[in-house]
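Sequences are here, hints too, so could you generate the full structure?
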Amino acid sequence: MNKEEILAYLPYTEPFLFVDELLEIDENGATGTFTFRKDLDFYKGHFKDHPVTPGVILTETMAQIGLVCLGIYLSGTAVSGAPGHVMLTSTAIDFMKPVFPGERVKVVAEKVYFRFKKLNCNVQMINEAGEVVCRGNISGMVTNKMNG
Amino acid sequence: MNNSELLEKLKPIVANYAHNKEAIDDITEHTDFINDLKINSANLVDVVLDIEEEFGIEIDNLSMEKMLTVSAAIEIIEGKLKEKNDR
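If you read the protein sequences in the order shown, they are chains W and S.
One point on numbering: in the UniProt record's numbering, the residue at position 139 of the first sequence is 139, and numbering is uninterrupted.
One point on numbering: in the UniProt record's numbering, the residue at position 81 of the second sequence is 81, and numbering is uninterrupted.
Simulated from the structure, these hints should not be mistaken for lab results.
Note that the structure is predicted; figures quoted are calculated from it, not measured.
Check the hints yourself; a few may be wrong.
As the list claims (entries may be wrong) - Facing chain S, according to a computed beta carbon distance under 7 angstroms, are these residues of chain W, among others:
id, residue
1, T89
2, I93
3, F116
4, K118
Note that CB positions come from ideal geometry on N, CA and C, so glycine has one too.
Structure representation (structure tokens):
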């Protein structure tokens, strides 16, 4: 599968799509970008008068680029062929810096292992200044059907 | 390695991922990983990967699918250890 096919296969849409572009993808990892537009709805409430991107959204962004895109690629290029769905099963993330409205981030994911349908990746998110804003480990099960 | 020695080696591996910690103390060959120990399918993969490392064996997909109870795990580990020693 090429990058465009993977993006088209993603099961998300607005307001919960957090992948703009895939820069690189191969069997060992994925790199992609997303820009947090200033008008995203959650900024109205997180926090009152002080918009900051929620940690769960940063985690989701790392999961969509690093885990889901890579899981689709790995299952879609496997011998059996059909790209799967990715069900998130665990996260352990450390947050270092805030991400403000309008910032563009890059997510870099490296596969730790993909065995028995479980994909485990080390992920990090980098801001435009080149600083690591968060990093950690995310895993999920690559399944044939949604939610299962 | 006999069954009770295998079980003693399995216990700490399984305990890492079990949500039902009390059940770990009462673990027997009949213990079911998912129903009794509340290990989810993703962590079951980690149990199997840790077993591979601990015993120096490789578990194939078919064996993985059968590995749902302590007795099934012990049987598979014994089989793989035997294969390894016969080589």
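Quiz prompt | Enumerated hints in conflict with the structure, sorted upward | solution = Result: hint 2 breaks, nothing else.
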